[in-house]
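Q: Generate the whole structure from the sequences, applying the supplied hints.
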Amino acid sequence: MTETNNIPGLLAKHGFEAVIGLEIHVELSTLSKMFCDSAVTFGEPPNTHVCPVCLGLPGTLPVVNRKAVDYCALIGLALGCEIADFTQFHRKNYFYPDMPKNYQISQFDLPLCSAGRVTVNVDDNKTDIRITRVHMEEDTGKLVHIGEGGRIAGAKYSLVDFNRAGTPLAEIVSEPDIRSSGEARAFLQKLRSILLHLGVSDCNMEEGSLRCDANVSLRPENSPKLGVKTEVKNMNSFRGLVRALDYEIVRQLELIQDGEAVKQETRHWDAARNITTSLRSKEEAHDYRYFADPDLVPLKLSREWVKKQEESLPELPDARQKRLISAFKVSEYDSRFLTQSKAHGDYFEQVMENFGDAKMAVNWIMGELSAHLNADNKEMAESPMQPERLAQLLTLVEDGSISGKMAKEVFSEMYETGKTAPEIVDDRGLKQISGDDELAVLVDQVIGENQTAVEEYRSGKKQALGFLVGQIMRLSKGQANPGKVNEILREKL
Amino acid sequence: MSISKEEVEHIALLARLELSETEKELFARQLDQILEHAGKIEELDTKGVEPTAHALPVVNVFREDKVGKELDLEAALANAPDREDDSFGVPKI
Ligand SMILES: [Zn+2]
Numbered sequence: 000m001t002e003t004n005n006i007p008g009l010l011a012k013h014g015f016e017a018v019i020g021l022e023i024h025v026e027l028s029t030l031s032k033m034f035c036d037s038a039v040t041f042g043e044p045p046n047t048h049v050c051p052v053c054l055g056l057p058g059t060l061p062v063v064n065r066k067a068v069d070y071c072a073l074i075g076l077a078l079g080c081e082i083a084d085f086t087q088f089h090r091k092n093y094f095y096p097d098m099p100k101n102y103q104i105s106q107f108d109l110p111l112c113s114a115g116r117v118t119v120n121v122d123d124n125k126t127d128i129r130i131t132r133v134h135m136e137e138d139t140g141k142l143v144h145i146g147e148g149g150r151i152a153g154a155k156y157s158l159v160d161f162n163r164a165g166t167p168l169a170e171i172v173s174e175p176d177i178r179s180s181g182e183a184r185a186f187l188q189k190l191r192s193i194l195l196h197l198g199v200s201d202c203n204m205e206e207g208s209l210r211c212d213a214n215v216s217l218r219p220e221n222s223p224k225l226g227v228k229t230e231v232k233n234m235n236s237f238r239g240l241v242r243a244l245d246y247e248i249v250r251q252l253e254l255i256q257d258g259e260a261v262k263q264e265t266r267h268w269d270a271a272r273n274i275t276t277s278l279r280s281k282e283e284a285h286d287y288r289y290f291a292d293p294d295l296v297p298l299k300l301s302r303e304w305v306k307k308q309e310e311s312l313p314e315l316p317d318a319r320q321k322r323l324i325s326a327f328k329v330s331e332y333d334s335r336f337l338t339q340s341k342a343h344g345d346y347f348e349q350v351m352e353n354f355g356d357a358k359m360a361v362n363w364i365m366g367e368l369s370a371h372l373n374a375d376n377k378e379m380a381e382s383p384m385q386p387e388r389l390a391q392l393l394t395l396v397e398d399g400s401i402s403g404k405m406a407k408e409v410f411s412e413m414y415e416t417g418k419t420a421p422e423i424v425d426d427r428g429l430k431q432i433s434g435d436d437e438l439a440v441l442v443d444q445v446i447g448e449n450q451t452a453v454e455e456y457r458s459g460k461k462q463a464l465g466f467l468v469g470q471i472m473r474l475s476k477g478q479a480n481p482g483k484v485n486e487i488l489r490e491k492l
Numbered sequence: 000m001s002i003s004k005e006e007v008e009h010i011a012l013l014a015r016l017e018l019s020e021t022e023k024e025l026f027a028r029q030l031d032q033i034l035e036h037a038g039k040i041e042e043l044d045t046k047g048v049e050p051t052a053h054a055l056p057v058v059n060v061f062r063e064d065k066v067g068k069e070l071d072l073e074a075a076l077a078n079a080p081d082r083e084d085d086s087f088g089v090p091k092i
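In the order they appear, the protein sequences are chains A and B.
Read in order, the letters of the first sequence correspond to residues 0 to 492 in numbering that gives the first Met the number 0.
Read in order, the letters of the second sequence correspond to residues 0 to 92 in numbering that gives the first Met the number 0.
Since the hints were derived computationally from the structure, they do not count as laboratory data.
The structure displayed is predicted, hence computed values, not measured ones.
Be a bit skeptical, because a hint or two may be false.
As the list claims (entries may be wrong) - In silico lysine-lysine, DSSO-like type, Cα no more than 27 Å apart, as pairs:
(1) K65/B with K307/A
(2) K46/B with K100/A
(3) K100/A with K39/B
Claimed, not checked - Simulated DEER-style distance windows between Cβ atoms:
(4) N203/A with E49/B: 38 to 44 Å
(5) H13/A with E63/B: 27 to 33 Å
(6) H13/A with E8/B: 27 to 33 Å
(7) S311/A with L43/B: 41 to 47 Å
(8) S1/B with V62/A: 38 to 44 Å
(9) G42/A with K39/B: 27 to 33 Å
(10) I40/B with K141/A: 54 to 60 Å
(11) L30/B with D294/A: 23 to 29 Å
Glycine included, each C-beta is placed from N, C-alpha and C at the ideal position.
A: Dropping the structure here:
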């Protein structure tokens, strides 16, 4: 993360600041597409979920998916946007082979949602990022470039799969209120968490259901004027976003220092090479010739409908964070960890239904569980370890049946095998010895065998106690409860 | 209003049309006439008139979020100008 912290400092040293706005495309998890009843799918054989509408065949008529409008409105409401009384679809005209109609149905001057804001927390500073708009559109097909490592440059020809064409998208556009890659990351994370709480998208960045483009420019610090911006595309992970923005900021700073001009252009983030490259289009200024789609009638949205959507909003991350802090006394930091996705909070709350120590529960979810899931490349929602099972394990630690150290081993085995904690503890004879009588026998034996150490302790050498405890732990094969051993040993000495 | 040759060239490029010099001049003139004709509307006083969003006096046409019949692969690819395996083939970009 040093890379995120360095860059604002570097900029400040030269009297500049970065001005960043994000455009985020979210694939909505409806069953069917935006304007036809083909299925929304991922990873299916090419061109198996298409119909005349999403193939752009002549004579077809698009019809709006009601659920997609509901979802887009929910996103707008969750981001504090106003929902339009009247909204309409426009055609965005351009030629690209992943779009069979040669236009994309999108929204232009009358988007469904506008003027919202998201509060993000970076290094304990709260910043508001304004949301310009959230509008509805359709996704394009998928292109595979054949030849030279799948890149556009050097490709001999391309293959098109239209399964994705027509998938409902919400496009979220922020104002250029972001000043660093760290803020951009926090903003995107917050947005993702909100979307996951809403349940309107799976937000899987690797699979492209959450995609992020950025507008980046530099300007003299505190200047109201904006510099020339570049648009950076293709950042398909949080890490990619941070690195691409940092790269682009430094690239622009170096240009300015060398007395060169930043060119207004679209740049492509190349994650393999860690650079942005110019998308060698012939600076043919965007001229999309938007016009109202005559195939689609406008939407008039009653205030009752908006109210109904508002009432169906689930608990959102900010509210949940507050509730977790007051109900479970978790820290601000922990509450942010627990609200990064709906699944994180749900997992924690389910553990807490069967367990009392919130701090301990958070530590295990943040530590062991997250480490195992990361290693497995799994999301919290896909955890093979059920929260009730984790609660059971933690209870064994809390009541002294097993040590914290052993619990980690038990955890790994539970995660791998799906066995319960008591099963594993029984099978492996791991149960901690906590009974006073049992422990007393061990303590007596060690005292008898280590008279020198005992004498040393009695004559004031306190470190001899540690040696004796170590001997008892060894004798018990690590199963003695160390706290209790200490207690009993002191008593006997 | 007067449409220049450059504007015709720009519009032709956006529409992926290849025009001869004679056509460019002809279309510049014709586009001019069309725009002039449409410009007549601007002479009207439209203060207080709601913009027309659609020719039909209809709003809110929705479908429910249900999956219907899809094309089978062969039908989907039947009109493909070029095909490789189960994908549409297109020239490089
Ligand atoms: Zn379709």
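Q: Do the beta carbons of I40/B and K141/A sit within 54 to 60 Å of each other?
A: violated, 43 Å
Q: Would you check the hint for K65/B and K307/A, treating anything up to 27 Å between C-alpha atoms as holding?
A: Answer holds: K65/B to K307/A is near 22 Å, not above 27 Å.
Q: Keeping to a limit of 27 Å between CA atoms, is the pair of K46/B and K100/A held or broken?
A: violated, 36 Å
Q: For S311/A and L43/B, compare the CB-CB distance with the range 41 to 47 Å and indicate the outcome.
A: holds, 45 Å
Q: Starting from the hint 27 to 33 Å, judge whether the C-beta atoms of H13/A and E8/B obey it.
A: Once the Cβ atoms are compared, 43 Å apart, the range 27 to 33 Å for E8/B and H13/A is violated.
Q: Lying within 38 to 44 Å: is that true of the beta-carbon distance N203/A to E49/B?
A: holds, 43 Å
Q: Just to be sure I understand the hint, the distance between the Cβ atoms of L30/B and D294/A should be within 23 to 29 Å; is that true here?
A: Because 25 Å falls inside the window, the suggested range holds.
Q: Tell me if the beta carbons of S1/B and V62/A are separated by a distance inside 38 to 44 Å.
A: holds, 42 Å
Q: Between K100/A and K39/B, does the CA-CA distance stay at or below 27 Å?
A: violated, 32 Å
Q: Do H13/A and E63/B keep their Cβ atoms within the hinted range of 27 to 33 Å?
A: Violated - the Cβ-Cβ distance for H13/A and E63/B, about 57 Å, lies outside 27 to 33 Å.
Q: Can you let me know if the beta-carbon spacing of G42/A and K39/B is within 27 to 33 Å?
A: violated, 55 Å
In summary, the numbered hints that this structure violates are 2, 3, 5, 6, 9, 10.
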